[in-house]
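**Q** Each chain, letter by letter, is given below.
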Amino acid sequence: MNTNLSLLLLLAPFLGFLINIFFGKSLGKTVAGIIGTLTVAVSFAVSLYFFGQITASKEPIQIQLFDWIQISNFKVDFGFLLDQLSILWLLFVTGIGSLIHLYSISYMHDDEKMHTFFAYLNLFVFFMITLVIGSNLLVMFIGWEGVGLCSYLLIGFWYKNQEFNDAAKKAFIMNRIGDLGLLIGIFILGMLFNTLDFSTLKIGISGATDLNMYWLSAAAFALFIGACGKSAQIPLYTWLPDAMAGPTPVSALIHAATMVTAGIFMITRMNFLFDLTPDVQSIIAVVGAITALVAATIGLVQNDIKKVLAYSTVSQLGLMFLALGLGAYEVAVFHVITHAFFKACLFLGSGSVIHALGGEQDMRNMGGLKKAMPITFGTMLIASLAISGVPLFSGFFSKDEILLVAFHSNIPLWLIGSIASIMTAFYMFRLMFLTFFKEFRGTAEQKHHLHESPSLITLPLIVLAILATVGGLISLPGNSWLNEYLTPILPKLATAAHHLGTTEYILMAIAVVGGLIGIGLAYAKYIKQDSIPAEDAAITGFSKVLYNKYYVDEFYDAIIVKPINVLSGFFRDTIETSLSSLVFGLGKVTNEISFQGKKLQSGSIGLYLFAFVIGLCAIISYLFLAQ
Amino acid sequence: MNVSLILIILFVGALVTFLAGDKLASKVALFFGLAAAGCSIVLLNHFNLGENISFISQWISKPNVSFALKADGLSLAMVLLTTVLTAIITFSSFGNDYKNAKSFYALILFMSFAMVGTFLASDGLLYYIFWELSLIPIYFIALVWGNGDVEERRKAVVKFFIYTLAGSLFMLIAFVYLYQKAGSFLIEDLYKVTLSATEQFWIFLAFFLAYAIKIPLIPFHTWQANVYQKAPTVGTMLLSGIMLKMGLYSIIRWQLPITPLAASEYKYIFIAIGIAGVIYGSIVALRQKDLKKLLAYSSLAHVGLIAAGTYTLTLDGLRGAVLQMIAHGFVVVGLFYTAEIIYRRYETRVIAEMGGIRSQTPKFTSMFLILVMASISLPATFNFVGEFTVLYSLSQVNVWFAILGGTTIILGAYYMLRMFQHSMLGETNSKVFADVSMNEGITLVAIIAVLLFFGMYPKPIIDLITPSLEEILNQINRIN
Numbered sequence: 001m002n003t004n005l006s007l008l009l010l011l012a013p014f015l016g017f018l019i020n021i022f023f024g025k026s027l028g029k030t031v032a033g034i035i036g037t038l039t040v041a042v043s044f045a046v047s048l049y050f051f052g053q054i055t056a057s058k059e060p061i062q063i064q065l066f067d068w069i070q071i072s073n074f075k076v077d078f079g080f081l082l083d084q085l086s087i088l089w090l091l092f093v094t095g096i097g098s099l100i101h102l103y104s105i106s107y108m109h110d111d112e113k114m115h116t117f118f119a120y121l122n123l124f125v126f127f128m129i130t131l132v133i134g135s136n137l138l139v140m141f142i143g144w145e146g147v148g149l150c151s152y153l154l155i156g157f158w159y160k161n162q163e164f165n166d167a168a169k170k171a172f173i174m175n176r177i178g179d180l181g182l183l184i185g186i187f188i189l190g191m192l193f194n195t196l197d198f199s200t201l202k203i204g205i206s207g208a209t210d211l212n213m214y215w216l217s218a219a220a221f222a223l224f225i226g227a228c229g230k231s232a233q234i235p236l237y238t239w240l241p242d243a244m245a246g247p248t249p250v251s252a253l254i255h256a257a258t259m260v261t262a263g264i265f266m267i268t269r270m271n272f273l274f275d276l277t278p279d280v281q282s283i284i285a286v287v288g289a290i291t292a293l294v295a296a297t298i299g300l301v302q303n304d305i306k307k308v309l310a311y312s313t314v315s316q317l318g319l320m321f322l323a324l325g326l327g328a329y330e331v332a333v334f335h336v337i338t339h340a341f342f343k344a345c346l347f348l349g350s351g352s353v354i355h356a357l358g359g360e361q362d363m364r365n366m367g368g369l370k371k372a373m374p375i376t377f378g379t380m381l382i383a384s385l386a387i388s389g390v391p392l393f394s395g396f397f398s399k400d401e402i403l404l405v406a407f408h409s410n411i412p413l414w415l416i417g418s419i420a421s422i423m424t425a426f427y428m429f430r431l432m433f434l435t436f437f438k439e440f441r442g443t444a445e446q447k448h449h450l451h452e453s454p455s456l457i458t459l460p461l462i463v464l465a466i467l468a469t470v471g472g473l474i475s476l477p478g479n480s481w482l483n484e485y486l487t488p489i490l491p492k493l494a495t496a497a498h499h500l501g502t503t504e505y506i507l508m509a510i511a512v513v514g515g516l517i518g519i520g521l522a523y524a525k526y527i528k529q530d531s532i533p534a535e536d537a538a539i540t541g542f543s544k545v546l547y548n549k550y551y552v553d554e555f556y557d558a559i560i561v562k563p564i565n566v567l568s569g570f571f572r573d574t575i576e577t578s579l580s581s582l583v584f585g586l587g588k589v590t591n592e593i594s595f596q597g598k599k600l601q602s603g604s605i606g607l608y609l610f611a612f613v614i615g616l617c618a619i620i621s622y623l624f625l626a627q
Numbered sequence: 001m002n003v004s005l006i007l008i009i010l011f012v013g014a015l016v017t018f019l020a021g022d023k024l025a026s027k028v029a030l031f032f033g034l035a036a037a038g039c040s041i042v043l044l045n046h047f048n049l050g051e052n053i054s055f056i057s058q059w060i061s062k063p064n065v066s067f068a069l070k071a072d073g074l075s076l077a078m079v080l081l082t083t084v085l086t087a088i089i090t091f092s093s094f095g096n097d098y099k100n101a102k103s104f105y106a107l108i109l110f111m112s113f114a115m116v117g118t119f120l121a122s123d124g125l126l127y128y129i130f131w132e133l134s135l136i137p138i139y140f141i142a143l144v145w146g147n148g149d150v151e152e153r154r155k156a157v158v159k160f161f162i163y164t165l166a167g168s169l170f171m172l173i174a175f176v177y178l179y180q181k182a183g184s185f186l187i188e189d190l191y192k193v194t195l196s197a198t199e200q201f202w203i204f205l206a207f208f209l210a211y212a213i214k215i216p217l218i219p220f221h222t223w224q225a226n227v228y229q230k231a232p233t234v235g236t237m238l239l240s241g242i243m244l245k246m247g248l249y250s251i252i253r254w255q256l257p258i259t260p261l262a263a264s265e266y267k268y269i270f271i272a273i274g275i276a277g278v279i280y281g282s283i284v285a286l287r288q289k290d291l292k293k294l295l296a297y298s299s300l301a302h303v304g305l306i307a308a309g310t311y312t313l314t315l316d317g318l319r320g321a322v323l324q325m326i327a328h329g330f331v332v333v334g335l336f337y338t339a340e341i342i343y344r345r346y347e348t349r350v351i352a353e354m355g356g357i358r359s360q361t362p363k364f365t366s367m368f369l370i371l372v373m374a375s376i377s378l379p380a381t382f383n384f385v386g387e388f389t390v391l392y393s394l395s396q397v398n399v400w401f402a403i404l405g406g407t408t409i410i411l412g413a414y415y416m417l418r419m420f421q422h423s424m425l426g427e428t429n430s431k432v433f434a435d436v437s438m439n440e441g442i443t444l445v446a447i448i449a450v451l452l453f454f455g456m457y458p459k460p461i462i463d464l465i466t467p468s469l470e471e472i473l474n475q476i477n478r479i480n
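As given, the protein sequences belong to chains A and B, one line each in that order.
Be aware that the first sequence starts at 1, since it is given in full-length UniProt numbering, and climbs by one per residue.
Be aware that the second sequence starts at 1, since it is given in full-length UniProt numbering, and climbs by one per residue.
The hints are simulated quantities; they were obtained by calculation from the structure and are not laboratory data.
Glycine included, C-beta positions come from ideal geometry on N, C-alpha and C.
Keep in mind that the hints are not guaranteed to be accurate.
Unchecked claim - One side only, chain B facing chain A, incomplete, derived with CB under 10 Å: (1) 197; (2) 361; (3) 362; (4) 388; (5) 389; (6) 396.
As the list claims (entries may be wrong) - Here are a few chain A residues that sit away from chain B, every Cβ distance over 10 Å (derived from the structure): (7) 190; (8) 209; (9) 218; (10) 275; (11) 516; (12) 537.
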């Protein structure tokens, strides 16, 4: 029963993919969209069923299907592990996935390749489910690389534009840098424990007495590199902002709510390993904090509405990594979930705006949309309040927990996280004010067409806005359902006391005031002073550095991409030709020798006789002399 | 029933094809190709039931040479690869018109015959004869039916011929030396010969020269890109899909077990050569303008990794290498075929002259992309199974080998996706790209089906090759 249901869970979106890729065109756009949405909804329903089962039994469900890869010391099964962690992820992947599919039916309706879009989206959900429910690292890796493929396909969905294709390629290659790290981690774990199975690894690592700390740290670090690629952490984060080239629902689903959380999922999955490697944990915490800050600073000055959200995503993921590095996996997971709600809402809202403005993404050409698009405005406002950490919205609880944990472990990290949070509040309300307030700055024609989006678009927005409001309920301070739920995965939680003292209340107040300061600054600048961001050419000073994203792309290009291409040209033009002429040279030498030898074979009897006599004399004299 | 039947089918097939005349040649060749593939599958069944399907008979008494064909899991896997690919390659050529078709198709079958012989022979001299025999048909195929300027083609093909022939001569010397010691060319007898460390070193080196040129490994690869480019696509497929596997197979079958001491003494050097090929081939591939040349260098990178796997002298290394050999055979044939499909329409192999094909033919684009993804070893494709196992074995020798060899994951994605982007994507090309024909579609689907099926379920092949690899590994470890 469980086996069949788990297969249904996994294969329903795959079936949707097959139907849409083969028959989508003849089925028509709406049918293709409905099939795509329904198959994901089926997965969501099955996830709910499993959620009910695991809440009741608290026992993980292990499913082995068949032998996949054979290594001399162990074999890798193709199997699933449905436990608290994977089911939690399934719920929001398929849940938010269904909503975004629904949204896309309307959003993509004018695109002639809508059925292809739904096919890719379904394929993505299929691989994401594989990633989440794999019972070992290698099955997870199928999903891990599979979602990378789908991300590639969807970023480059409008493939006639080579810039978009560049962005897609960049995302894939940067992810693969991380994937090599992940593979190396897998190799080391295989060498150490002769298994890649999560459950067996957990027993092996937790139960072992004589662990090789050097290799254990190496494995943890290598896995972390993998997580950096997928979850866009420094130094592998630059692909995510470029990934905004894809259609907006893709940005919401893949590049905000689900795929980019895979790194956090994997590290939480392997928490028993990371808990034993405090050095790697410190690296994760520091990388996370710095990413949070750096991305937030870039987000301050971006004018493309989706770019702001993209850097915001990188920054929020940084906060999650900060929590992971401090060993507070449950807090990171909590923020993953609330972030999925409000960030999906923000992206879909921005899509609604872009849709209404006929493709406009520059906030300098927006403004005053509040009246024309009340639902989009309202839902995005709620989501912005949530991400800014305004009390009672979901983001308040999860972000506050991260900062609390940071404060108790390391004050500088807390400070960095807090500054990043203030910046978040600022750039989010900068976005809101520039988009929805004051006068409309676009063309007259755009103004004429301004309209609220159809209900297929606003409905998902409303649902997500509600979730972004109440999502915090799953882990209230002092009474956390989430922590209790995750205890089988994170045994530490059972003993961790969760009490709120004076310090905690003071910190909470600081965070709230910080968020309000950020909003206030944005208000002062964009409402009171009514300023509009300068034209690209007029940007100067440090803003210019920020606007150009610290020139990191240019830096990578200069130290990695260019040198490799120069080397390639050098190998092609110099090494290859000289190696080739070396071989021909050997041939020529042979030729030359035979040419000289040929002269001896002149056919002149006299010469032969002469040589014969000389030789004979030489032999005879040798024989005599030798005796 | 024994394995000589496959050889007979292919040999007779070559004759009948030649006699059938130009009109029927392609169909007759396909018939015999399929018959050989079918026969291999039937024999595989017999083998799995525990029957003895080997064949041995005294051929020459002085020197002591036997016509010995031994079928174990390893050689059967290679024979299957050869016969199935021969059928696919023959079928793939159906869209083309060849002058003197009867000779062309007869040569394909004859080449298949020689290669199957190489994979089955268990007598050193017989093996050597098949090994050299396979060179003749490909020489003519590349020279007569190739493309580009005749003089340049002749230069490239003659270089290839002499280069590989010269390399093989060292192997012949090694065999003659071994015969002096063993009094027989039979592989079991050669395995038993006791050789000093110095003798092993020189014999190891002699074998290595022959194989390194054939595979090819850097820096012996200079013939490759030009011949791949100049040969007709059928020839390129035969070379890259099957023939280069002869070299890799021979490392496992002949070189390592005969000179185990030298192999374990110098394995780091030879692993390093393989990995250097991975990096070098990938980097050179980055800036190739010609699609076939790009694929040639990508092949150089892939076989470098396979060779590195064999020289780890571990079960994982050998198993991964064989899996990757088979997977690479299929994917590289598929990729060269896509180049051919584009050439049939646009008459160019220059990537810059392509582009904007996707909007005209989504079907072909999808299949091309699947092949690209298989080639860069996306998990759930057959290539991943092999590459993962090889990289795992390298990491057990030294984790840095796995990291350096693993750069293929990144660089491979770089050059393949760049190639795909510039050949297929972008604004719609002004030249019309006719959708894939039935034949073309069947060929690509067959290849993709193999790659995806064994990507998820490689067990049948793993079970087939593992016992024989364990046996060979016992031979390798007998002294250590």
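**Q** Next, verify each hint and record whether it holds.
**A** Taking the hints in turn, this is what the structure says about them:
{"no.": "1", "hint": "197", "result": "28 Å, violated"}
{"no.": "2", "hint": "361", "result": "13 Å, violated"}
{"no.": "3", "hint": "362", "result": "7 Å, holds"}
{"no.": "4", "hint": "388", "result": "7 Å, holds"}
{"no.": "5", "hint": "389", "result": "7 Å, holds"}
{"no.": "6", "hint": "396", "result": "6 Å, holds"}
{"no.": "7", "hint": "190", "result": "7 Å, violated"}
{"no.": "8", "hint": "209", "result": "23 Å, holds"}
{"no.": "9", "hint": "218", "result": "8 Å, violated"}
{"no.": "10", "hint": "275", "result": "23 Å, holds"}
{"no.": "11", "hint": "516", "result": "45 Å, holds"}
{"no.": "12", "hint": "537", "result": "29 Å, holds"}
The structure fails to meet hints 1, 2, 7, 9 from the earlier list, while all remaining hints are met.
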